[in-house]
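Following the hints, position chains P, S and R against chain D.
4 protein chains.
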Amino acid sequence: MVGYAFMGAAHSQGWRTAGRVFDLPLQPRLAAICGRDATAVQAAADRHGWAAAETDWRALINRDDVQLVDICTPGDSHAEIAIAALEAGKHVLCEKPLANTVEEAEAMLEAAERAAARGQLAMVGFNYRRVPAMALARQMVADGRIGAIHHVRVTYLQDWLVDPEFPLTWRLEREHAGSGALGDLGAHIVDLAQYVTGSQITGVSALTETFIRERPLLAGSSAGLSGAASGERGQVTVDDAALFTGRFANGALASFEATRFATGRKNALRLELNGEKGSLAFDLERLNELEFHDQTLPAGTAGFRRILVTEPEHPYLEAWWPPGHGLGYEHTFVHQARDLVHAIASGTAPAPSFADGLQVQRVLAAVEESAAKNSAFTAIPAQEART
Amino acid sequence: MVGYAFMGAAHSQGWRTAGRVFDLPLQPRLAAICGRDATAVQAAADRHGWAAAETDWRALINRDDVQLVDICTPGDSHAEIAIAALEAGKHVLCEKPLANTVEEAEAMLEAAERAAARGQLAMVGFNYRRVPAMALARQMVADGRIGAIHHVRVTYLQDWLVDPEFPLTWRLEREHAGSGALGDLGAHIVDLAQYVTGSQITGVSALTETFIRERPLLAGSSAGLSGAASGERGQVTVDDAALFTGRFANGALASFEATRFATGRKNALRLELNGEKGSLAFDLERLNELEFHDQTLPAGTAGFRRILVTEPEHPYLEAWWPPGHGLGYEHTFVHQARDLVHAIASGTAPAPSFADGLQVQRVLAAVEESAAKNSAFTAIPAQEART
Amino acid sequence: MVGYAFMGAAHSQGWRTAGRVFDLPLQPRLAAICGRDATAVQAAADRHGWAAAETDWRALINRDDVQLVDICTPGDSHAEIAIAALEAGKHVLCEKPLANTVEEAEAMLEAAERAAARGQLAMVGFNYRRVPAMALARQMVADGRIGAIHHVRVTYLQDWLVDPEFPLTWRLEREHAGSGALGDLGAHIVDLAQYVTGSQITGVSALTETFIRERPLLAGSSAGLSGAASGERGQVTVDDAALFTGRFANGALASFEATRFATGRKNALRLELNGEKGSLAFDLERLNELEFHDQTLPAGTAGFRRILVTEPEHPYLEAWWPPGHGLGYEHTFVHQARDLVHAIASGTAPAPSFADGLQVQRVLAAVEESAAKNSAFTAIPAQEART
Amino acid sequence: MVGYAFMGAAHSQGWRTAGRVFDLPLQPRLAAICGRDATAVQAAADRHGWAAAETDWRALINRDDVQLVDICTPGDSHAEIAIAALEAGKHVLCEKPLANTVEEAEAMLEAAERAAARGQLAMVGFNYRRVPAMALARQMVADGRIGAIHHVRVTYLQDWLVDPEFPLTWRLEREHAGSGALGDLGAHIVDLAQYVTGSQITGVSALTETFIRERPLLAGSSAGLSGAASGERGQVTVDDAALFTGRFANGALASFEATRFATGRKNALRLELNGEKGSLAFDLERLNELEFHDQTLPAGTAGFRRILVTEPEHPYLEAWWPPGHGLGYEHTFVHQARDLVHAIASGTAPAPSFADGLQVQRVLAAVEESAAKNSAFTAIPAQEART
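Chains as they are written, first to last, in our numbering: chain D, 121 to 507; chain P, 121 to 507; chain S, 121 to 507; chain R, 121 to 507.
Hints were generated in silico from the structure; no laboratory data involved.
Some hints here could point you the wrong way.
Unchecked claim - Some chain P residues near chain S, calculated using beta-carbon distances under 10 Å: (1) Phe126; (2) Ala129; (3) Gln133; (4) Arg178; (5) Glu233; (6) Asp279; (7) Leu447.
What the hints assert, rightly or not - With a straight-line cut-off of 16 Å between C-alpha atoms, the simulated EDC-like cross-links for lysine to aspartate or glutamate are: (8) Lys397/S - Glu409/S; (9) Lys397/S - Asp263/S; (10) Lys493/D - Glu329/D; (11) Lys397/D - Glu233/P; (12) Lys493/R - Glu329/R; (13) Lys397/P - Asp263/D; (14) Lys397/S - Asp283/R; (15) Lys397/R - Asp414/R; (16) Lys397/D - Glu285/P; (17) Lys397/D - Glu409/D; (18) Lys397/S - Glu285/R; (19) Lys397/P - Asp414/D; (20) Lys493/S - Glu329/S; (21) Lys397/R - Asp263/R; (22) Lys397/P - Glu285/P; (23) Lys397/D - Asp263/D; (24) Lys397/R - Glu285/S; (25) Lys493/P - Glu285/P; (26) Lys397/R - Asp414/S; (27) Lys397/P - Asp414/P.
Computed from a prediction, not measured in an experiment: that's the story for all the values here.
Each residue gets a CB set at the ideal place from its N, CA and C atoms; glycine is no exception.
If we strip away everything but chain D, and leave its shape as in the complex, we get (with noise of 0.2 Å):
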């Protein structure tokens, strides 16, 4: 694994607990972790339970006891650590946005599909896929329990940056981040609500806004979401905001929102689909739950029901605990695990692949695109099959 701030810490989580909970053809084992700071990494190491610590990802992706490299560091760093681990014969999951830049993405998913005639699968880490709920609405849209969809309505939520003195971390500097709640939130809804739904976006009309365009500089270093402030400021250089609407090949109308400036509103990634034969919605906030009405039923004793996502037929639940014994946030990552392990095993491509990823970063770059032309309807080109 590369990096070991919150994603490290959730991804460790994830690796560790997999086998203990699923069935699984091999066992992970946590080879060694990297970081830059020699110190940190070893703590991080010994805290998450890798056997060994590096300082340098080029050391660690030539390690002979390592098979896959988990990529957490920011998107900066993407390309070139995804790109070099595949070509040194490795497995790859790279965390999500895939990349900053359409050009990235697709240098990488050159890269992978080289990979992949060798054997070796590369996997985008859009954890919310491994919700329970979100699994179990794919199924229902896949098996016709909405019918055709007629809209699409999703929102991720956060309110960290409300406080103008929240200092001025890496998430906030375009150079490394790429974009701010864009490719931080928006990356999650735009695969989110492409993979719910079956179907992909064929073009957005957007619009993004800086509400607080400077804000105090970090004493030290960047590393983490937070940290204390100095008495100096710098330039935001990413969205605050962004919102667009757009159309799914399907016919359906979307909407979309993502920001950092939702008072009140934690992680509220939220998703409403509604079709001709019933709707679904979401809310990350209470994740155990998916609200399911069905059109079908006589109308005087019908409404949205509030389906417990606990039940052992649900996805990944026959391995967890009895009904009503709700799973969190990181359960996302053991699922994630225990998929790329049965990818792995059986030697198919695994989803999201590195195609996925380039065709959300797609998404990504048309919305900014539109914000920057008035908000101009802007087309997306469909995502050739290629993996």
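Positioned in the frame of chain D, the structure of chains P, S and R alone reads:
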């Protein structure tokens, strides 16, 4: 009153009840109701408590015992009736949307201004301003409880057109209704969002869609929302759904959605405001509730709180029932009648004025223009404060 | 009508509105209203639309233009007025609880039976049976949608006595109110639970409590819920809260709680039924909703669904507004008036009858007896079917 | 650890993870796990990460590499194993309920007291105290945020016995389980209510019921919650549901319900406290949320607020994920492990102690006694503070 369908019944209930509940300076008297079908209008008069029935609105507006004309007809007749009533020296309450076009609305505003000089009042029936929770929200925004607003998020979701066999009523014909979900539902949320925030929309970027373009023709008259279908089909000439993003004069980003295809959502007018000091959220399907997040409280015990808007200190509530004994949809018309009677008695200009109605019409026109121009962001001129 | 406070206003609204909304076989005429204070009762007559005012209820019940007497006074006068009105040949609607003691209720039932032989009707005002969601729940239970019932769970939570300075009104005096939360709130939930389940309570085990035993005396008259406090204090002679468990004739276990000390709960009449085939849940603070869990559906997509009880096929709803346009508290009185008018027109016995009211009184008496006897389980004789 | 079914898996997850997330003064080492079936226990050891497997718990508690014995067996073996482990010089964590009878629990407490003198610790596994929302609730009560408490309202609703064909597992046999819903679910809510309020129950009045008295016998072993049914039937010898009212030492009235027949409720441990200054409400099906009503705020903007208990200042949360990224059921076992490790390292008595466990047992015994004595109110002696 002109018209006696859904809105006619609701307004009648308002006029009959206002003086029974509130202390009014003048008592409304239900003088005469007007409709084209003599038998039907007499039945409506008897049912709703009107002293007389007329079949020609020109006769109605010339009656000496009529001081106020309440227009509850489809939008295509608003301008003609309202202008004539004002010219005849009557006060006017006109259902929303004010008109089907900006031009008509402008003519109505001019007539209203001439009438104002004679002491006559003109008001538009945006009744949702009179939901106590919405009046409370406006107060709280005005009192600075949520500070500067960053996000406005509004939807008005209904589902009565999901069935492709729902017939082609007047609401689906551009010549009568002007537009579809946009004018019917979108007009409400545009007005409400501007009212609650106290700020105007300065521009929009829009997508509209008609999902089902042909529907069964009605066998007989097309009055009312429903009716028996005939074997033939006709063209739907209005939008089924309208999505738009926008900017407010106060700097907020906004998202709007009006649709009749949100399966399972019956009357989901939802509004959320995120400000620097707090947030407000509302759902018309639970109209006695207002959610409020107070960001100035310590984070450890903060959260969205459900205010049950049934306390005597809440707007309109002192005259009603004890706390927890909720109101319903029709109470908005009682409150509308109350407020207009107070305005007439005191000779003060009522809100929403025809100028407000015209401004909403301009937003709707900009939505249609943007949708026609590849979603290009379309500016809306600030409404000059003429009344 | 006798009495013109909270209930008087609510009943007046019901009588005035029923014929405006529903097709009634007879039109209610608001003949005369009665109260002890001549000025106040005339003002009430004017406000609520009664043609005449009386200061002596004996005069009222002897008026020739009165066919129905609606009793909205405190419980200590119900028996005397109701019996006299029945003897005078009038139909009677009596607010709940039917009486303050079982003995009074028995005398009232006897009078009602004698009157029934003469074609007069007598009904008790358990208005919550007329919440559409509750009428729907009863239908669903009767239709077998939840099967045999195992659990009945009911609370009625209010909080208006939490403040120790709230004054000693008549509702806190045993001589006027009979009991406290028990008779006021407990009577509602006992009736409602028996109505919805279609089964009677066969025994109870109870705890009651008066948390605050002394309160400020009212300065002047004690009419109404509130009033200015004087400097002196008096004894609270009724319960603040009553909890009881019980058994139903159908085998269900039941839990009841009635309190005026549930801080933050304004009108939380909550009812949940768990049956072998499903469950129902209701909260009066969201009276347009009924939750239904259908156990016969596959577990993977089952869950409590929120039925918005605003569809035309729902009880009472065909006469009101389109789906999603909710009703309020007072509509129960419109429905009560409608149902009683139909009963009078057709000469059929209305429900809830005085026999039903007496049976509720017996449950309340058993609660008090159990509370006095160390919570011993106290049986309630099955109500003989006399009417 | 002794036992490796549901609780064994959950506790293992706790022990494995605590040191990966929290800074612990000692690192837990998973030395050995014990079960009667050699093959099955070895598989469990491999799955859950235990270094060794034992088939005789006496061998386990005498291992030198074991310092703490975690007892996850059915209640009938708790006393024997716990006492022996304490006598063998080990710390003990014992799953709830502490024992199947008061006598066993008393003997366990005596053993714990003797062991305490030797520096050994004993704790009961009431894990729901470690739900962050419940720890926060206790803090808020202790801080006076809701003032003196008037009402305690607790239910624990499950539904896995509604199907009459569900087989007769050990949990339905008195000899193994001690009681039914009472000991399984009731024990949790008795402990939790006393913990959060900081007050003890002084007496109860109870009803219990076994709705289905015969069930299919299991074909083979009865380990676990489920299993294949055979053709024969056997007697259910425990309660399906237990309802009781009670009084707390602090003057509060309380209502408890534990049932396995609440159709559609999967794990609805719901707790509500109403105090003079506010209220708290919780539902285990939404375990990341705590509702709080603050009565000291102005009534016009007060209401139950949803605290998302995921802030770094919340109990246990600093070590986990960013705000809004919720935890699940199993995290309670991680927190339990953390707290016990801290207690062992510092030599301080952990809570809940065996004395706490005994006191809960006395409440359960009083419930059964009251149910057997016609629901007579049955006093519970105050727990002497011995540890």
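Evaluated hints:
no., hint, in the structure
1, Phe126, "7 Å, holds"
2, Ala129, "8 Å, holds"
3, Gln133, "7 Å, holds"
4, Arg178, "27 Å, violated"
5, Glu233, "34 Å, violated"
6, Asp279, "8 Å, holds"
7, Leu447, "4 Å, holds"
8, Lys397/S - Glu409/S, "20 Å, violated"
9, Lys397/S - Asp263/S, "11 Å, holds"
10, Lys493/D - Glu329/D, "14 Å, holds"
11, Lys397/D - Glu233/P, "49 Å, violated"
12, Lys493/R - Glu329/R, "14 Å, holds"
13, Lys397/P - Asp263/D, "44 Å, violated"
14, Lys397/S - Asp283/R, "9 Å, holds"
15, Lys397/R - Asp414/R, "6 Å, holds"
16, Lys397/D - Glu285/P, "14 Å, holds"
17, Lys397/D - Glu409/D, "20 Å, violated"
18, Lys397/S - Glu285/R, "14 Å, holds"
19, Lys397/P - Asp414/D, "39 Å, violated"
20, Lys493/S - Glu329/S, "14 Å, holds"
21, Lys397/R - Asp263/R, "11 Å, holds"
22, Lys397/P - Glu285/P, "48 Å, violated"
23, Lys397/D - Asp263/D, "12 Å, holds"
24, Lys397/R - Glu285/S, "14 Å, holds"
25, Lys493/P - Glu285/P, "31 Å, violated"
26, Lys397/R - Asp414/S, "39 Å, violated"
27, Lys397/P - Asp414/P, "6 Å, holds"
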